[in-house]
Every structure is written in structure tokens, then in C-alpha cells.
Amino acid sequence: MARKSRRSTSESRSSPSTATLTLKDKKTLGSLKGVANDVADCAKTGRAPHLDVPSRSLSNVKFNKSRGFLEMGSGKNRRELFNLSQAKAYMQTLLVGSGCKRLIEQGKTTSLRGIYYMLKHSIEGTKEETFDDQEDSDTIIEDVEVTLAALREELHVYASNRGNLVGPLVLNDSGDEIDCTRMGSAGYSIPSIVEPEVIEFKKCTARFILHVEKDTVWRRFSEDKFWLKHNCVVSHGAGQPPRGVRRMLHRMHNELKLPVYCLLDNDPWGYYIYSVIKQGSINLAFESARMGIPDCRYIGLRSKDFERCQLSNSVKINLNDTDVKRAKQIAEYPWFKGKKAWQKEIELMLKNGFKLEVESLISKDISYVTETYVPERLEEKDWLD
Amino acid sequence: MSKSATRKTRLHSDEVEVDEEPIAVEADSEAFDASTNGHAANGKSRRRATAQSMAAGQRDISVSEFFAKNRHLLGFDNPRKALLTTVKEAVDNSLDACEEAGILPEIWVHIEATGPNRFKVGVQDNGPGIVKAQIPNIFGKLLYGSKFHRLRMSRGQQGIGISAAGMYGVLTTGKPVKVISRIGARKPAHYFEIQIDTKKNKAEILNGGGDGVDIPPGDSGKKMIEKHGIEWIETDHGTRVTIELEAKYQRGRCSVDDYLEQTAIANPHVTVHYLDPDGSTHDYPRAAQTLPPEPKEIKPHPYGVELGRLMTMLKSVKPCTISAFLCDNFSRVSGSVARRICETAKVSTRASTTKIGRHEADALYQAIQNTRIAAPATDCISPIGEQLLLKGLHHVVPAEFYVAATRPPSVYRGNPFLVEAALAYGGTSASVRIPLETLREMLAESDARTLRQFLMNGFSGVGSDATEKILTEAELGNRVSPGKLKKDEIAKLHEAMRSVNLEEGQTMNVLRYANRVPLQFQPGACAITQSIMGTNWRSYGLTQSRGSLPSGPVTIFVHVASVWVPFTSESKEAVASYPEIQKEIRLALQAVGRKLAMYVRRRQKVKQEGERRNIFLRYLGEVATAVHEISGADKKKLYDQLLKVAKRKTAQADIKFDEDGNPILEEEATEDFGDNVLIVVPGAPAS
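Chains as they are written, first to last, in our numbering: chain L, 1 to 385; chain R, 1 to 687.
The set of hints was computed from the structure by calculation and includes no laboratory data.
Being a predicted model, the structure only gives us computed values, none of them experimental.
Be aware that a few hints might be false.
What the hints assert, rightly or not - Taking lysine to aspartate or glutamate pairs in the DMTMM-like style, the calculated list, with each CA pair at most 25 Å apart, reads: (1) R:635 <-> L:129; (2) L:127 <-> R:473; (3) R:296 <-> R:379; (4) L:340 <-> L:385; (5) L:337 <-> L:382; (6) L:33 <-> R:634; (7) L:88 <-> L:38; (8) R:202 <-> R:570; (9) L:351 <-> L:307; (10) R:636 <-> L:124; (11) L:120 <-> R:634; (12) L:88 <-> R:634; (13) L:88 <-> R:611; (14) R:637 <-> L:41; (15) R:644 <-> L:52; (16) R:647 <-> L:128.
Using the sequences and the hints given, assemble the complete structure.
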């Protein structure tokens, strides 16, 4: 039972030990057993077993105005074993359940890809595979998360690292003390699971967090030592930030009381990234409470920046049809709908007919964004909320 | 002994004569050339020949000479086809004779190789026999027979076939046609060795001093038969014809084997014993113990008679009034109809036939076309019948589903005719069932240049797609010569032929018949093939690309029966496309197609149901294992319980499914196919 892994030093303190299950693990195992027992009960009494999986779609998402983030509604999709189109998904859901149970009991974690390989095998007597590709298992894992109301880390599954940060922050990551000012040019890579069992904040002198969209922009800030000059943490999420990054921002914001500012592209995707950081995503609405940062602010780029910064025509990227469609869709989301400033912003972008990437500021000067653009915005307190 | 010696010498001289004959003609033409050249050289005249010199070459052409030169018209274009045509003509005659005499036919077919590319074909029946005087005429004279002048449904029509086969045999091997026939147990058997005199279109009898030999009944006769080496299987009555000819024996499509098999389908009342050149016997026992009803002879229908024929008839009959002439010589012409015809033609009903000139005859002809006359009586045609068709097809073609349809008789050009169609669906193709040994023999015999050709031509139902699949599976090239395959390659090919699923690439196998005789050549020119290709089989559950035969494991049988089947040529290989005939064929095809569609749909439904259940069953094991891993529940028990639920669930679904489209329960559904359908459960003993 008590198989010790190489990371035993950290596990003894922060991670669930193989011998003793944490309270969370016990809770997760309990709900897994509940699902299994339901199946057994149904079989015994001759009923067709089914699972009720909360629906992860826009129609089942509500914007909680007073709390400022998205919440999942009560809508559920019934998944039946004896339904031709659902039989396989049902089987896969239980399979993922059994895989997670094994991981929890052995006190190990694995990647999304890992669990795909762990559970992939051909069904006895046929050439059919349980999972055809990783996308299959990824969505099923999310289904299991919402069905059991357990988080991915509680199922001992993690995603690959994406996103980095730099700044005056000292933390303990699985037993290793890390000074985020001294992580070299690449910065500190934010892990997929950043729960207190894994990451503990030790010391922080930063005054705010600047979250940028992409690695390339982040490099500019890191190289120019923006974080040193302005005493802040600079992070990026490689586009749409993964859960690890969002949870990290959430924890820093709430535990270290740091305000969050976002510097994103001036296009529909940039707007949506902001809204995901602020209110949570539609797909993972059930996690908004522990990830959403309703107070975070959008400092740029703005639709008016083309004129304000006197950019050249050559940096314009024309909006295509999908961009226009997406922009209109975003303007209709309830969490944008009620905000006049945002409606104006989107309107102006559509009127401009082009989008602007953060990198376009480089046409002014290589360090224009770090030396002029961001400091000015912060000074003027010119941002969108 | 002395007799046979004389025969040999005489035969030799005949042989020479036969060979010389075409040379003589050529010599004539050379003579012309010489004379014309002479004229040209003189420069006196540009004329190459004069009327007088041309007259020297103008003479009668005997039918025999004509057909000896144009043997392809009769189906003797190549050695392989010659063998088949010979067997076919002999068997057709035998069957016609037996049926006319009301005897259940039993046919013996012997083929024996006598040398390279030489075969001896012997066909014997248990028919009524032939009287002595007629034997030489029937077998030694072209266009001699009983069937040409009457309108009655029979296999033979013209009286060319068997004598042409004999002629071909004499031409290619020099051996005479041997005929032995007996008309009763107490009567002597007559034995003739005949050859046809092509110039005179007359039989020449070689044995018994030009008179044939009588073999007395009883033991003395038996001894005599043995002594002279005459081939004869002892029966009370019957005829045997033996022809030696240059030929090529080959199995597969369009072979003698194929022909006999197809004959057995359309003639379930016939027993055939077949001894092939390799010495193995194939028996096709009869599936029905009753003869088909006797077809009646009818008089011609007025609509089917052309002006020339009408005039000839007027001349040849005993003088009488025109009204009596019409009533007596045509079917469906009553006194009042005759009067109406005469009124329209403005000819007196009492006018004598002798007084009718060309002008009046023309008026009569036009009047006939413009007068409403009832369609001819159709009881002159005897169909095979749906039940016997099913039996026959089931006997020979292994399949799962059989359906047959017999159309009511109809009329073309005044000739009554009738179309029958039957269809066998499912089952395995011949290429799957073939034993390794036979395949090896077929490969050795084949004259196909490539393996691809061999597969496509040698096996019914193997199309180009299927060939592709088989060859890929066997890892053999397209262009490999079938004769050069090594032993292990043959084994590989055999394995591939067995294992490849041909259902998709298989093209429909078409069996065409006219008056119960299988048609094996010129499928493209035949009204039957054209009608099949023109029918939309997609709506009957088969796949079909535009303008081609449908594909699928299907054998279709189409029989056109008529007092006069319109063939496209004398070799009787294809039915001519009269619109009336095509329409009837189409209707018959549609009738069987509708039943096929019902079956295919039901089969698909059953398959879908099976698949539904399978999908659940497939996942149950995984679910039970997962649950066991999570909660430690008993895996086996859980699986069984889930299985029970699954069965109940899908059973409910079955009923629902039926209620949607078809409120009848499975068990009863079989009956609503009708009685012209036969369904064979695979694996169950044949009914």
C-alpha cells in the first residue's frame, strides 16, 4: 500500500500520502462509490442505469450579478446505458471513474494524456477501442468532474503546464522554495495544479499583477524588468489561460490582495480571455467561484489606441466574418450587456473594421509598451472594468 | 469387319470431297480473273466479264453450303462454343421429343476427349425414338423438321441445330454422325452412320450399304451392340446421337457444365446424367415428377401475318370462300370477324380464294390491321410455374431467399408469349465454394491470358471489384498468366477466393431462357439483359450504377416462352427487343423486385436490431468491470443482471420498431410475402 514516490518529501506535507487519504480524497471516493452503487442497484432491480451529467453549455450558465461571475445552472443531461447514442459515453464515464479511483487510492496523479493511455484498450471480443483519441477522454473527465462536483485535481488528474510568471514573489512548490525574480529568462512555469497543498505563498512585495496574453509580450516585460520598476508580478497564459494560471491569479488576488490588470489583444478573442479571467468560462462554469476575479481590469489594447498612439496603417488587421460574428456574440453575453463602456468598445472595434495585437505597439518603439503604454494607462487609471 | 472397312474408305473419299469443295470455288474465280485480265490486255473492252461468262458461275447455293461457310451464324464460331452448341442442340431435341411424347425426360450426356482438341459428344434420351425412314433426314439434312411450320411452344424451331452440329463434326474431324434409335422394347434399334452432303443438303448413310443397320431387340442385339462398339445405354425407347468434333472443353461461365446446370433449373422435371471429359459424373436428378402441361399448337393470329405470307396461304389452300379461309386458317377469326374484315377490304365474303389477286390481298391485309381481333388464345404456352421455378432454382443455386413470378400471357406481332422471372438472393458465390482441385484444373484448362480475365470470365458473380479484392488478398498480380501459377500460389488464390467477401463487389448473375433453353451468349444484345439494366434496382435494395447490371449476391432468372421466340440470329443466343416483350419482362422483374425489397429491408432490420443489441452487449462487460473496480461489486453477477436488462430493453425496442412501420409480429411476417417465395434459413436442411 504505502508505496513512496520520489517526491515523498513534499507529499509528507502537502500532497495526499498513499497510505492516508486526505479528507478531499475520501469525499471523492465516496461520490465515485455512490455512482457505482447506483449502477449495481439498477441492475439488481432490473432498471436501466443512467447518469445525470450537469450540462456544460451556454444555456445552462447564469451570470450572477452580485457575485460577478458565471454560475452553472441546474440543467442536466441524462446519459443512459441503454441508449444507442449514449451507450459508449456512459461506459467511458464509468471507465474514467474507475481510473480516478485507482489514482486516488495509490496517491498518484497523472496527466490528461496519461489517463487516456491508462484507460485505452480494445473492448473484449471486438476491434473497438474504449477511447479513440484524447479529446474523447478529456471531455469525459470534465463530465466526471461536474457529475461528482469534484475538481480535476481531486480526481488526481492534471493538464500540461502552460503560462509563466515573474515578479517579487517567493513561494513553495512541492517543497522547493522558489524566488520568482530569479527564474531566468523563461520565468516560473505555472503548474496545472496550484492548490495550497502544492503551492504555498511565502513572501510577496508586489503591488499588483499584470497579466498579458502571450509569451512574446511577456518576454518584453520580463526583459525590460518591468516587474522591478513597477514592483509587480507579470504573468501570461499562452492565449486562453488554462485552469492552473487562472487559479494562480485567483489565489494571488485573494490571498495576497493584489489587483489584476490585463493587457490583451484588441479583438474578440482578447475580450473573451478577459471575460474568462473575470467571470469564468462557460465550459467550466462550475469552477468560476474558485477562479473568477470579478475585480480584474482591462487596460488594453483599446479600440481607440490606433488614434491615441498614432499607429501606422500597416499594423491594422482587418476583421473577418468570424471576428465580426464573435464580437456581436460577446456583446450579447449578459456579463457584457449591462456595461456601457464595453458596448462602446466593441462597437468602436466593429466600426474600425480592424483589430490590433499588443505586438503592434512595437512599431512605435521596441519598449513602447513597457515604458510608455502600460505606465501611462496605470497612471491615468484608464481601463475598462 | 468388312463393313467397317468399306465405311472407312468411303469416308476417306468424302473427306477429300468436303475439303476440296471451297477450293473448287476459288478456282472458278481465278478463271474469271484470268479472262478479265485477258480482256484488259487486249484493250478492246473495259468490261471485265460478260453476262455469259458470269452466268457460268451463277448457280444454286445449298443451305448446307451456306451454313458450312457461315457456321458462326449457328453458334460454331470457335471450338469451345462448338462443343456447347452441339450438346445444346442434342439436348434440346431430346427434351422436345420426350415432352411431346409425354415421357419424363432422362438425358445422358457423355463428353470424351479422343485426341488433342477433339471430343466425342454423345447425347441419349429416353424419348419415343425415331422411325427408321426419318433418321437420316433429321440428322443429315439442314432445315428439316417438324417444328418450323407449326405454331407451338418448343425448344427447337428451325430444324437446323443438330444437323448443323453433325455437319460441323464431319467438316472438322471427318467422322460421321452416329445415331441409334429405338421406338419400343420389342422393336429393333436402328443404327446409322450419317454424314451430310453439303452440296445436295442430303444425308448420306455410310453403314449397312447405305441403308443403316437394324439391331434386333433382346440379347442378340445386345451382343451386336457390344461387338460393334456402339455406344448405347439400354432403354426400351430412345435415341442417341454421337458426334465427334473439333472442340475445346473448358469449365466456368458459358461451359457445358454451366448449360446443363441452367437447364436443370428451368426444367425441374428432367434428370440429367453428365459424364465430363475427366471421367467424373454429375447427376441432376429431377425435382418435379410431373411433366409440364402440353403446349397446344395454334393457328397463326391475323395480326402476325405479313402480306407475302397471306398471299402464299391463299394460294396453297384448297379453294374455298374467303370467309371460310379466314376462319379456318387463323385463330380468333369468327364468321362475324371475317365479315367485318371483308367489308373493310371491300371484298365479298363469298369470293373464292383463287380469285384474290395481289390487289385484293393487300386490301385484306390492311383490313386485318384495322379490325379489332381478340388476342390469340394463350393456353398454347406452358409456363414453368412459380412453384417449380422456386424448386429448380433452389436445387441448383444456393441462396437464402427465392422468389418467382409468372406473368399472364401477352402478344407480340400476333404471337402469344409469356415471361417468367425468378430471383435468388444471398448465399455464397461459386468462387467461394470451389474446391482446390477443381480450381487447379480450371487454371490449367483456361485460355484466359490474365488471371484477372480468368476470374471475371470463369465465375459468375465475380465482377471487377471482386477480382481486385481477391488478387490483392492473394498478393498476385493482375496480369499473371493463369497457366503459370505455382502450387503455393494456387493455394493462396484458393484461400483468397474463399475468404474475400464478395457481397459488395458481386454483380448480378443473369440466367436467360427462351422456351426453357438457357441462353449463354450475347447477353448485351438480348432484350432480357437490356430490361434488367433498364430496371431501377436501387429501389429494391440493390446497388446499381447507371446503365449496368445491379450488384449484390443475386441470381436472376428470366424465361421468355412463346410459340415463336424472336431470336436475333439463327444461333438462338439473344431475344430480340420487341417493346411488348420488354414491357412484360420489366413487369415480371418488378414483381420479383418488390418481394426482394421486402426481404432485404427485413434482413436489414433484423441486422440493425442485432447490431443494437451487440452495441449494448459490447459495453456491458466494460461497465461491469468499472463498477467492480470502484465499489468491489461482484462483476459476474452484475454483468448477468445488466444483460437481463439489456435483453428486455432491446426486446421492447423490437416491438416498437414493428409498430412503427409494420404492425405485424415477426412470426407472421413470413406469410405476407405470398406463396411465390421461398426462404431458406442458412444452415437449416433444404426443404
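Status of the hints after comparison with the structure:
no.	hint	in the structure
1	R:635 <-> L:129	holds, 21 Å
2	L:127 <-> R:473	holds, 20 Å
3	R:296 <-> R:379	holds, 7 Å
4	L:340 <-> L:385	holds, 10 Å
5	L:337 <-> L:382	holds, 20 Å
6	L:33 <-> R:634	holds, 14 Å
7	L:88 <-> L:38	holds, 18 Å
8	R:202 <-> R:570	holds, 20 Å
9	L:351 <-> L:307	holds, 14 Å
10	R:636 <-> L:124	holds, 15 Å
11	L:120 <-> R:634	holds, 23 Å
12	L:88 <-> R:634	holds, 22 Å
13	L:88 <-> R:611	holds, 14 Å
14	R:637 <-> L:41	holds, 12 Å
15	R:644 <-> L:52	holds, 23 Å
16	R:647 <-> L:128	holds, 22 Å
Checked against the numbered hints given earlier, the structure satisfies every one of them.
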